[in-house]
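S.K.: As a plain string of letters, each chain reads:
There are 2 protein chains.
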Amino acid sequence: MARKKLVSDVGEVPLVELARKICKSGPRVKLGPGDDAAVVETDGIYLVVTTDMLVSRTHFPPGTEAEQMGHKAVVSNLSDLAAMGADPLGLVFSIAFPRSTEIDFVKRLLKGLDKTSREYGAYVVGGDLDESDDVIIAGTAFGIAPNGKYITRSGAKPGDLVAVTGSLGAAAAGLKILLDGLKARGFKQLIKAQLEPKARVREGKLIAQSGRATSMIDITDGFAASLWLIARESGVKIVVEEDKLPIDDLTKRFAHKYGLSAKDLALFGGDDLELIFTIKREGWEKVESEIRGIGSDVTLIGEVKEGKGVYIRRGEEIEKLPDRGYRHFQ
Amino acid sequence: MARKKLVSDVGEVPLVELARKICKSGPRVKLGPGDDAAVVETDGIYLVVTTDMLVSRTHFPPGTEAEQMGHKAVVSNLSDLAAMGADPLGLVFSIAFPRSTEIDFVKRLLKGLDKTSREYGAYVVGGDLDESDDVIIAGTAFGIAPNGKYITRSGAKPGDLVAVTGSLGAAAAGLKILLDGLKARGFKQLIKAQLEPKARVREGKLIAQSGRATSMIDITDGFAASLWLIARESGVKIVVEEDKLPIDDLTKRFAHKYGLSAKDLALFGGDDLELIFTIKREGWEKVESEIRGIGSDVTLIGEVKEGKGVYIRRGEEIEKLPDRGYRHFQ
Numbered sequence: 004m005a006r007k008k009l010v011s012d013v014g015e016v017p018l019v020e021l022a023r024k025i026c027k028s029g030p031r032v033k034l035g036p037g038d039d040a041a042v043v044e045t046d047g048i049y050l051v052v053t054t055d056m057l058v059s060r061t062h063f064p065p066g067t068e069a070e071q072m073g074h075k076a077v078v079s080n081l082s083d084l085a086a087m088g089a090d091p092l093g094l095v096f097s098i099a100f101p102r103s104t105e106i107d108f109v110k111r112l113l114k115g116l117d118k119t120s121r122e123y124g125a126y127v128v129g130g131d132l133d134e135s136d137d138v139i140i141a142g143t144a145f146g147i148a149p150n151g152k153y154i155t156r157s158g159a160k161p162g163d164l165v166a167v168t169g170s171l172g173a174a175a176a177g178l179k180i181l182l183d184g185l186k187a188r189g190f191k192q193l194i195k196a197q198l199e200p201k202a203r204v205r206e207g208k209l210i211a212q213s214g215r216a217t218s219m220i221d222i223t224d225g226f227a228a229s230l231w232l233i234a235r236e237s238g239v240k241i242v243v244e245e246d247k248l249p250i251d252d253l254t255k256r257f258a259h260k261y262g263l264s265a266k267d268l269a270l271f272g273g274d275d276l277e278l279i280f281t282i283k284r285e286g287w288e289k290v291e292s293e294i295r296g297i298g299s300d301v302t303l304i305g306e307v308k309e310g311k312g313v314y315i316r317r318g319e320e321i322e323k324l325p326d327r328g329y330r331h332f333q
Numbered sequence: 004m005a006r007k008k009l010v011s012d013v014g015e016v017p018l019v020e021l022a023r024k025i026c027k028s029g030p031r032v033k034l035g036p037g038d039d040a041a042v043v044e045t046d047g048i049y050l051v052v053t054t055d056m057l058v059s060r061t062h063f064p065p066g067t068e069a070e071q072m073g074h075k076a077v078v079s080n081l082s083d084l085a086a087m088g089a090d091p092l093g094l095v096f097s098i099a100f101p102r103s104t105e106i107d108f109v110k111r112l113l114k115g116l117d118k119t120s121r122e123y124g125a126y127v128v129g130g131d132l133d134e135s136d137d138v139i140i141a142g143t144a145f146g147i148a149p150n151g152k153y154i155t156r157s158g159a160k161p162g163d164l165v166a167v168t169g170s171l172g173a174a175a176a177g178l179k180i181l182l183d184g185l186k187a188r189g190f191k192q193l194i195k196a197q198l199e200p201k202a203r204v205r206e207g208k209l210i211a212q213s214g215r216a217t218s219m220i221d222i223t224d225g226f227a228a229s230l231w232l233i234a235r236e237s238g239v240k241i242v243v244e245e246d247k248l249p250i251d252d253l254t255k256r257f258a259h260k261y262g263l264s265a266k267d268l269a270l271f272g273g274d275d276l277e278l279i280f281t282i283k284r285e286g287w288e289k290v291e292s293e294i295r296g297i298g299s300d301v302t303l304i305g306e307v308k309e310g311k312g313v314y315i316r317r318g319e320e321i322e323k324l325p326d327r328g329y330r331h332f333q
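If you're matching them up, the sequences are chains H and D in order.
Residue numbering for the first sequence follows the working numbering, starting at 4 and increasing by one per position.
Residue numbering for the second sequence follows the working numbering, starting at 4 and increasing by one per position.
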């Protein structure tokens, strides 16, 4: 008899496909499962909702403090709202702890949730506390898409430009330091990028409100993996220029010191929470200046073409970018 | 050195108190942590949001099918919306499975989520799938409070009447059958009450829209425990009449057959998902006839008084109702 298919046999993407196929849509559902967040319309308001579960064993590297777990649970959800261009309103959390967890740990985790949420003008409004063998934080963030404008992963068109906010690689470098127990001296910012990343909420709103962006995604599983999702969902080919990638400077120094490839950290490391977006040419300048206007970086890195797949160009050479990245570090 | 306090040392209520104390409120937050659901106002719309986590080991009795797990995850969340009087819009689920889970199990669970949601006019719009040792379903349901009318646990006033929808005890009797491996013949409906309970969404809306209800809660941890929550949150005394309790008929027969107390099953068993509410005297008749109008039962069971605590009256005798019930069956 054939062995039955297990969860371990398929990746995350086939599971998401399953959910997409099974969960039917309804009249008010503007966007269902499979994007960064869902969109539901009611009374002319576009509600944007996302959920993200963090399991301590696989999502929190050794040395993560309780407050940082709370922080990360908030930003990983808000980053998904950011990738839609939504304005966050609130969050709820279902959290499971082992019975042997100290109450002080619970307090610090809750403080992390509360503090980080408020930094983004959102509030923790509810929760459910349970027991499990592992610390599990399932968060849901909800917000609204101002003026009904939100950006999916599927609207990129040939001719559009491709851009990314901030810089790449620091979170992956920080993870490397923590997992391999490397010396942190001089590289504390990399650890911070891994344990206390920021969600690009204001940037996402500016991009969506421009009315010229055609697709957007946040980088959780890695830059390459995120580009692949846009390319697949939009049915286009994406070509990025290697020399334009905004690789984080400290990550370059770190990579040099340890004989690592800064480019690989930037392309295939996850957790940067930067936004990748595609935009009509005529919209780029305004969005660029608005994002710089709030003190953030944004870089033009490539172009959308007819075709399929994700490619990286180095001078005259062009090669396919592998569709890999990590979600869990285990 | 004193041993540090652990999660296992405190109950669910002190943990909720902790969350209430730590999580600060914001301008749009009408109701924060600690009620059945939270309420956030935006553009004149009252969003109602709740999250509930089910852990297979503690929330699903032996014999629960994957579809039923999905069903229960939906109704346990929708019941919390019902207890506010909200109209559900959608749900998102973060679900963790062991790696050894068969894909077929995942499919059936997702089908259960989808089917049950749609029965209530709500849709599964998003999710996150992860890995853990246990099946963990963290759901979030969101909806709106029509006309901004929602009912908390804290508004009961002396003089109000106390009522409950449907009947009591069947879910606890069903759990008993499953846990003790009793013969199901003739009692299948009790098992169904445990594994496939209904959320009183339409009833909750009628109660809230009456404008006369003063508090409401759903029965998850048991009738007595729920009454205690209303009494504590409202700062009142509640007296219920024992002979008015709508104990489920089949539960009575089951209890008789196995020498159990039907009253105990009704008072201290959980999972009935019925709504307990308090209401101004002048509002009762209309709500009663509206609820009967949609084919549901509702029973007047007692009265709110000045004072504290929950009491049960049997003829001339009156005694304090113990504040106990179960959340998990382990």
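Among the clues, some could well be false.
The list cannot tell twin chains apart, which means a pair is met if one copy fits it or any two copies do.
No more than 20 Å apart at the CA atoms, straight line, and that leaves these computed lysine to any residue pairs for SDA-like [to be verified]: (1) Lys33 - Asp300; (2) Lys255 - Arg6; (3) Lys195 - Ser59; (4) Lys24 - Glu288; (5) Lys201 - Tyr314; (6) Lys152 - Thr45; (7) Lys7 - Glu105; (8) Lys255 - Gly189; (9) Lys24 - Gly124; (10) Lys8 - Asp136; (11) Lys152 - Asp267; (12) Lys152 - Asp46; (13) Lys33 - Val13; (14) Lys33 - Ile48; (15) Lys283 - Gln212; (16) Lys152 - Ile48; (17) Lys110 - Leu18; (18) Lys33 - Gly124; (19) Lys201 - Gly312; (20) Lys118 - Leu18; (21) Lys114 - Glu199; (22) Lys191 - Tyr49; (23) Lys110 - Asp224; (24) Lys311 - Asp326; (25) Lys110 - Lys240; (26) Lys24 - Arg188; (27) Lys110 - Ser264.
Hint data in this document are derived by calculation from the structure and do not stem from the laboratory.
Fair warning: this is a prediction, and the values are worked out from it, not measured in the lab.
S.K.: Now, for every hint given, state plainly whether the structure supports it.
M.R.: Checked hints:
In this assembly of identical chains, the alpha carbons of Lys33 and Asp300 never lie at most 20 Å apart, being 31 Å within a copy and 36 Å across copies at closest. Neither within a single protomer nor between protomers do Lys255 and Arg6 lie at most 20 Å apart by alpha-carbon distance, with minima of 46 Å and 46 Å respectively. Within a single copy, Lys195 and Ser59 get their C-alpha atoms as close as 18 Å, which meets the 20 Å cut-off; across copies the closest is 35 Å, which misses it. Taking identical chains as interchangeable, the C-alpha atoms of Lys24 and Glu288 are never at most 20 Å apart, the minima being 39 Å within one chain and 46 Å between chains.
Taking the shortest Cα distances, Lys201 and Tyr314 never come within 20 Å of each other, neither inside one copy (28 Å) nor across copies (52 Å). In this assembly of identical chains, Lys152 and Thr45 lie within 20 Å of each other by CA distance both inside one copy and across copies; the values are 14 Å within and 16 Å between. Proximity of Lys7 to Glu105 under the C-alpha cut-off of 20 Å is restricted to the inter-copy arrangement: shortest distance 7 Å between copies versus 40 Å within a copy. In this homomeric assembly, Lys255 and Gly189 come within 20 Å of each other (Cα to Cα) only inside a single copy, at 13 Å, whereas the closest approach across copies is 72 Å.
In this assembly of identical chains, the alpha carbons of Lys24 and Gly124 lie at most 20 Å apart only when taken from different copies (19 Å versus 35 Å within one copy). Only between protomers do Lys8 and Asp136 lie at most 20 Å apart by alpha-carbon distance; the minimum there is 18 Å, versus 26 Å within a single protomer. In this homomeric assembly, Lys152 and Asp267 never come within 20 Å of each other (Cα to Cα): the closest approach is 34 Å inside a single copy and 54 Å across copies. In this assembly of identical chains, the alpha carbons of Lys152 and Asp46 lie at most 20 Å apart whether taken from the same copy (15 Å) or from different copies (16 Å).
Neither within a single protomer nor between protomers do Lys33 and Val13 lie at most 20 Å apart by alpha-carbon distance, with minima of 28 Å and 43 Å respectively. Taking the closest pair of Cα atoms, Lys33 and Ile48 come within 20 Å of each other both inside a single copy (11 Å) and across two copies (18 Å). Taking CA atoms no more than 20 Å apart as the test, Lys283 paired with Gln212 passes inside one copy only; the shortest distance there is 13 Å, against 48 Å between copies. In this assembly of identical chains, the alpha carbons of Lys152 and Ile48 lie at most 20 Å apart whether taken from the same copy (10 Å) or from different copies (18 Å).
Taking identical chains as interchangeable, the C-alpha atoms of Lys110 and Leu18 lie at most 20 Å apart only when they sit on different chains, with a minimum of 9 Å there against 34 Å within one chain. With identical chains, the CA atoms of Lys33 and Gly124 are at most 20 Å apart between copies only, with a shortest distance of 15 Å across copies and 25 Å within one. Taking identical chains as interchangeable, the C-alpha atoms of Lys201 and Gly312 are never at most 20 Å apart, the minima being 29 Å within one chain and 47 Å between chains. Proximity of Lys118 and Leu18 under a CA criterion of 20 Å is satisfied inter-copy only: 18 Å between copies versus 33 Å inside one chain copy.
Taking the shortest alpha-carbon separations for Lys114 and Glu199, only the intra-copy value of 14 Å comes in at or below 20 Å, while the best inter-copy value is 37 Å. In the homo-oligomer, the alpha carbons of Lys191 and Tyr49 never lie at most 20 Å apart, since the shortest distance is 40 Å inside one protomer and 43 Å across protomers. When the C-alpha separation of Lys110 and Asp224 is checked against a cutoff of 20 Å, the pair qualifies neither within a copy, at 29 Å, nor between copies, at 24 Å. Taking the closest pair of Cα atoms, Lys311 and Asp326 come within 20 Å of each other only inside a single copy of the chain (13 Å); across copies the shortest separation is 63 Å, beyond that limit.
For a Cα distance limit of 20 Å, the shortest separation of Lys110 from Lys240 qualifies neither inside one copy, at 47 Å, nor across copies, at 32 Å. Within a single copy, Lys24 and Arg188 get their C-alpha atoms no closer than 49 Å, and across copies no closer than 37 Å, so neither meets the 20 Å cut-off. Taking the shortest Cα distances, Lys110 and Ser264 never come within 20 Å of each other, neither inside one copy (39 Å) nor across copies (40 Å).
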